[in-house]
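Undergrad: This is what each chain is made of:
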Amino acid sequence: MRERNDGSGPAVSTAGLVKAFGDNRAVDGIDLTIEPGMVFGLLGPNGAGKTTTIRMLATLLQPDEGTATVLGHDVVRDADEVRSRVSMTGQYASVDEDLTGTENLVMIARLLGYDKAGARDRAAELLDAFGLADAADRQIKNYSGGMRRRIDIAASIVVPPDLIFLDEPTTGLDPRSRNQVWEVVRALVADGTTVLLTTQYLDEADQLADRIAVIDHGKVIAEGTSSELKASVGAGALHVRVRDGDRREEARAMLERSLGVSVNLESDGISLSARVDDALRVPAALTELNDAAIEVTEFSLGQPSLDEVFLALTGRPAEEIEPDGRPNADEPAEREGATL
Amino acid sequence: MTDSTADLIATDGALADGKLKSVLAVRERPPRPSGVTASLTFGWRAMLKIKHVPEQLFDVTMFPIMFTLLFTYLFGGALAGSPTEYIQVLLPGILVQAVVFITMYAGMGLNTDIKKGVFDRFRSMPIWRPAPMVGLLLGDALRFVLASIVVLALGLIIGFRPEGGPLGVIAGVALTILFAFSISWVWTLLGLVMRTPEAVLNTSMTVLFPVIFASNIFVDPATMPGWLESVVDLNPITHLTSAVRGLMGGDVAASDLVWVFASSAVLIAVFAPLTMRVYGRK
Chain A
0 MRERNDGSGP AVSTAGLVKA FGDNRAVDGI DLTIEPGMVF GLLGPNGAGK TTTIRMLATL
60 LQPDEGTATV LGHDVVRDAD EVRSRVSMTG QYASVDEDLT GTENLVMIAR LLGYDKAGAR
120 DRAAELLDAF GLADAADRQI KNYSGGMRRR IDIAASIVVP PDLIFLDEPT TGLDPRSRNQ
180 VWEVVRALVA DGTTVLLTTQ YLDEADQLAD RIAVIDHGKV IAEGTSSELK ASVGAGALHV
240 RVRDGDRREE ARAMLERSLG VSVNLESDGI SLSARVDDAL RVPAALTELN DAAIEVTEFS
300 LGQPSLDEVF LALTGRPAEE IEPDGRPNAD EPAEREGATL
Chain B
0 MTDSTADLIA TDGALADGKL KSVLAVRERP PRPSGVTASL TFGWRAMLKI KHVPEQLFDV
60 TMFPIMFTLL FTYLFGGALA GSPTEYIQVL LPGILVQAVV FITMYAGMGL NTDIKKGVFD
120 RFRSMPIWRP APMVGLLLGD ALRFVLASIV VLALGLIIGF RPEGGPLGVI AGVALTILFA
180 FSISWVWTLL GLVMRTPEAV LNTSMTVLFP VIFASNIFVD PATMPGWLES VVDLNPITHL
240 TSAVRGLMGG DVAASDLVWV FASSAVLIAV FAPLTMRVYG RK
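Protein chains in written order, with numbering that gives the first Met the number 0: chain A, 0 to 339; chain B, 0 to 281.
It cannot be assumed that every hint is accurate.
[What the hints assert, rightly or not] Think about it this way: if two alpha-carbon atoms lie no more than 30 Å apart in a straight line, the pair counts; the simulated DSSO-like pairs of lysine-lysine are:
#1 A:Lys140 with B:Lys20
#2 A:Lys115 with B:Lys20
#3 A:Lys115 with B:Lys115
#4 A:Lys218 with B:Lys114
#5 B:Lys114 with B:Lys20
#6 A:Lys115 with A:Lys140
#7 A:Lys140 with B:Lys50
#8 B:Lys114 with B:Lys18
#9 A:Lys218 with B:Lys115
#10 B:Lys48 with A:Lys218
#11 B:Lys115 with B:Lys50
#12 A:Lys115 with B:Lys18
#13 A:Lys115 with B:Lys50
#14 B:Lys18 with A:Lys140
#15 B:Lys115 with B:Lys48
[To be verified] Some residues of chain A that are not near chain B, with every Cβ distance over 10 Å (derived):
#16 Ala19
#17 Asp205
#18 Glu248
#19 Ser272
#20 Asp277
I should point out that these hints are in silico values taken from the structure, not numbers from a laboratory. Cβ atoms here follow ideal geometry from the backbone N, Cα and C, with glycine treated the same way.
Isolated chain B, as found in the complex:
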């Protein structure tokens, strides 16, 4: 919940002169923290932000619920004979869609931090350079997990029955989150180079919408025109969706897994160093 005091202005106090001297007299210079500690500290910051501004969880809960219900009941009958049939195919895809959409907020959050000057402080501190970015991604991890739980719980309620069992489901979620982390670096780069948080969001949406819909999440690519089918086949989201379906259904194709790992590796190899380069220079 929001702070009940949020609308009150905090009370001002007076400077304590003697105490000011003593806080300045501290000579202790603690040992520099490890990259892990620094990243976890930024992750803690991300958790605190969720605690203070819980509205931001709306995107990771309401949207997945809306999409799952809408698509299942609107298209289920037409596409798969019945909503229950359709949810078996749709749910892993909706999970991919929900989690991949959330990645956009990484770029927006970073851009907001830059605008507010918080990043200037972090960048002027002697800490492991990627830590603020890694911390943001750790905060996103919580969102990814929450969205996954919401989608899965709703799916199970309305008839999703994964044959791969709990382990298959967990493996599917883990694979989705791995890919989400990788694609997040694209948005952190955008977050660093673009002027406003809104521009970052618009650009990431413009990229993500076609990538997510031109995939096998909602319909069988075999029903599409030939040229589109070839595009869909090259889309990493298609392979991710197939792999997650496979893992949750207990029958995964190795080629899909290879595709997902390879595209994740390429995304990180290209965009993480670019992000860090821009971050160092800015």
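The shape of chain A in the complex, shown without the other chains:
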């Protein structure tokens, strides 16, 4: 572990960041502070403004309004300094499909100042570490989705950056490949690199991110740790199963009375569920059931899932607003923004 940030300032700091494409305010006043060494997740559906935000921070787009500093450097005025400290891994496999894995990494190493022999050594070392040694001399267009994502990340750490932007690193990947990308992210963090990742997957943000900002329509609608976000929605989800289905109605009435919330009957005929605001009232309610000789075979009081968090924050479930989950569907307006 090493300190990759000079000084004590935040790794990323933005104030009132705005980017519009025509009438579409893709990013509409985003304020973020990201401390060095953490994994920060930008969570939101397609078109929420995640990619546009990350592209501004990586100096690929200039903000229309507001300011952003990365590792203490302004992304517009000190763009070159920012570029020498960060790496960007886009939704697109941003390596050259026509070239082989080795050729791509050698090219990037050369561009970063390695001499020819050094570049070849570095490329071989990276391919080996990323499990791509056997595919080193194949063109990228013959790589599987997971391999592509890994070579893309490998290309981003030819010179390990202080801050890495991962734009939807696992979109469209199978579970094994996704786990491999997660492993890489964890290795990066263990090494002291700050990671800013965007994702549409709630469990990914939950798994990886120390802090999460939920973005919708170009604005941050909630920010905090995964637990904080969940806590802001309510204490949790109560699930109770009774042995005797005939007594379920009775149990429901008792629970509703003692918890003060509505209780749902599940389709299995023996389960009940409820969203509770005050978890401390749950033990008393269960005791009441016990006293009435209603036998409970199973109960759980869990934190709400991030899906529930998203629903509570936006009024829409996360799934409904990502109809296809295609990897490249985010913010088409941005790609088509410039025309002749």
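Given chain A, put chain B in place with the hints provided.
TA: Structure of chain B alone, referenced to chain A:
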């Protein structure tokens, strides 16, 4: 040749955990490369692309061969008395046409890179800003030279006899390539601002076709209606063709050379900064 393995899916391996730690632990931050090194690296990339996708050389070899043979034998008799007479006038023009047509691919290549996201990576790296563009043009230089060799070799076989000798011929090719580099900046700008590679290609073709044909490449402008003759006289391609004919024929007019240098300078002065401006902003 294409990779024999192109149709095979590469085999996947496993992450090597310990090795992952050690590749990340590298502290070395090599000194920043010069603009020349960066440009040459992108030029190397262009060569690799030709190596992996050799089909793209079809345009720089087959088209010039087709045009040279077609025009020489179809029109030679009618326009100059015989194909052998005609090729003496036509060949420098066909060379200009072949090379200038190839410049279109610069814009298309750039646009494809943008669509595939490769340019995002380059733009997020601390390198000399024009390097990716200059590298693309270096790759084009190889195409220009190849097309020139093909046209000249074929011309010599079917009877082209340049009186300016080898030096005159080389000077003519060099002048053509200089102009090609200059006009390429127009297409790189298009490549940056347009939506699809196809749109870039269509637009550049629409511009290039009239510019190339409304010149003195194929026929003597004196045979054209007066208004067209004045247009042809203003066309830089006309002066380039005259200059290349002059250099290869051992008798070049200074005014044609001045025209070519001046129009090249104007093209670069206008379109290179515009390209870089759009590139920086995009």
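Undergrad: Among all the numbered hints in the text so far, which are the ones the structure does not match?
TA: Violated: hints 5, 8 and 10.
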